[in-house]
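Protein chains: 2
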Amino acid sequence: MKSFRKRDFPLSEIRHFLEPGPIVLVSSAWKGESNIMTMGWHMMMGFTPALFACYIWEGNHSFTMIRKSKQCVINLPTTDLVDTVVGIGNCSGADTDKFAQFELTAVRGDKVDAPLIRECYANFECRLADGSQISRHGLFIWEVVKAHVATSPKLPETVHYRGNGQFMVSGRQLSRRSQFKPENL
Amino acid sequence: MKSFRKRDFPLSEIRHFLEPGPIVLVSSAWKGESNIMTMGWHMMMGFTPALFACYIWEGNHSFTMIRKSKQCVINLPTTDLVDTVVGIGNCSGADTDKFAQFELTAVRGDKVDAPLIRECYANFECRLADGSQISRHGLFIWEVVKAHVATSPKLPETVHYRGNGQFMVSGRQLSRRSQFKPENL
Chain A
1 MKSFRKRDFP
11 LSEIRHFLEP
21 GPIVLVSSAW
31 KGESNIMTMG
41 WHMMMGFTPA
51 LFACYIWEGN
61 HSFTMIRKSK
71 QCVINLPTTD
81 LVDTVVGIGN
91 CSGADTDKFA
101 QFELTAVRGD
111 KVDAPLIREC
121 YANFECRLAD
131 GSQISRHGLF
141 IWEVVKAHVA
151 TSPKLPETVH
161 YRGNGQFMVS
171 GRQLSRRSQF
181 KPENL
Chain B
1 MKSFRKRDFP
11 LSEIRHFLEP
21 GPIVLVSSAW
31 KGESNIMTMG
41 WHMMMGFTPA
51 LFACYIWEGN
61 HSFTMIRKSK
71 QCVINLPTTD
81 LVDTVVGIGN
91 CSGADTDKFA
101 QFELTAVRGD
111 KVDAPLIREC
121 YANFECRLAD
131 GSQISRHGLF
141 IWEVVKAHVA
151 TSPKLPETVH
161 YRGNGQFMVS
171 GRQLSRRSQF
181 KPENL
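Just so you know, the protein sequences line up as chains A and B, in that order. Quick note: the first sequence, position 152, residue 152 per the working numbering, numbers continuous. Quick note: the second sequence, position 160, residue 160 per the working numbering, numbers continuous.
Certain hints may be false.
Identical chains blur together in the list; that is why a pair holds if it fits in one copy or across any two.
Straight-line distance between alpha carbons at most 30 Å, and here's what the computed DSBU-like set of lysine-lysine pairs gives [as the list claims (entries may be wrong)]: (1) LYS181 <-> LYS111; (2) LYS31 <-> LYS154; (3) LYS181 <-> LYS68; (4) LYS181 <-> LYS2; (5) LYS146 <-> LYS111; (6) LYS111 <-> LYS2; (7) LYS111 <-> LYS31; (8) LYS70 <-> LYS111; (9) LYS31 <-> LYS6.
Think of the hints as simulated: they come from the structure by calculation, not from any bench.
Based on the sequences and whatever the hints tell you, model everything.
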C-alpha cells in the first residue's frame, strides 16, 4: 500500500481537502478499543477555529466510541484505497478489528487518543466542539486541532460517494483565481 | 446557455447529486426581492425526510432573506456555469440583481416562494426544518420538499471548490456495487 511523508498543515487551509466532499475514514478509540468507519456526510463550518461537522448514524459501532471519547481523526483516503473504504463500510467494529482486517497502520496522534491511519493522504485530529445536536440530529461539530498532510502529490485523487455503490473520482483542476476579489480567496 | 428538461426526482435519492460535495447556488426570495449565493459548505443529514444542512455566513446578503423566509432552493450548476458561479460569489445582492446580471432564469417553485434557476442541472426546494443553530453556528437544517432533476445526462459534470480560486471538476465513475451488502446500498 502507498505510504506518504506528511507535514503539519495550517488548520485555516484544510478546506482545500475537505470542501470538495470526499469520502473520509473516521478513526476512534475508547477503553482500549479502536475502530474505523466510512463517512460521506460532512462539511466545513469555520476557518479559525477550524470547525467541521459530520453526521453519524447512532447504529454505527463507532457512534458510542466517538460520543464518549469526544475525539476522532478524519482520515483522507485516495482512490487506491477504494476497496478498503468499501470494506470498512460493509463490516462492523462490533466483531471486526478493522486495522488488522484491512492491514492499516495505527499511528499515535499528537492531540487526541484516536489513532491516525498511516496509509491515508491526510489526517485531521478532532476534538468535539459542540455535542448539543448529537441526540437530536446525529450531528457532531468538531474543532480540528492538528492536521497532517502528505507533502506529495499536491492534489490527491479522492473518491466521492453517490450512493448505490457508485463513486465519483476527483477529476481535473480548474483555476478561476484571477476572477476572485482578493478578500474572497 | 444550457437548458435542461427536468423531472420530479425521489427525495430519498438526492444524495446521488449532493453527497459528492459540489458547489451549489442558493436562491432565495424575501419581500419582493430575490438573490443567489454560491455555497460549498453543506452536507446530507437524512434520507426520509430528506434532510440537508448548510453553513451560511451572516455577512452574506442572502443570510437575512433566507433566515426570515425560512425557505431556499439549492441549485446544482454544471461546469459550463463555473464563471457564473464565481461571479455570483464575488458580488453582493445588496447592489446587484444577480438573475439579471448573470442572465439566469427564475422559475417558480412548487412548494416554496424562492425561485429555481432554470439553467442549473437540478433544483431542490427546501423548507427550514431546524433553525436552532443559526445564531450560534450559522447552521441551517433543511428538509428538501421537492426535487427537479435533468433527465439527461445521467451524471452531471460538477465543480467542487478547494479555496484560493481553485476548483476540482468531477471525474470518472467507479462502481463497487458488487462489494456492498444489500442493506448498505
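### Query
Which hints, by number, does the structure contradict?
Of the numbered hints given earlier, those the structure breaks are 1 and 2, listed in rising order.
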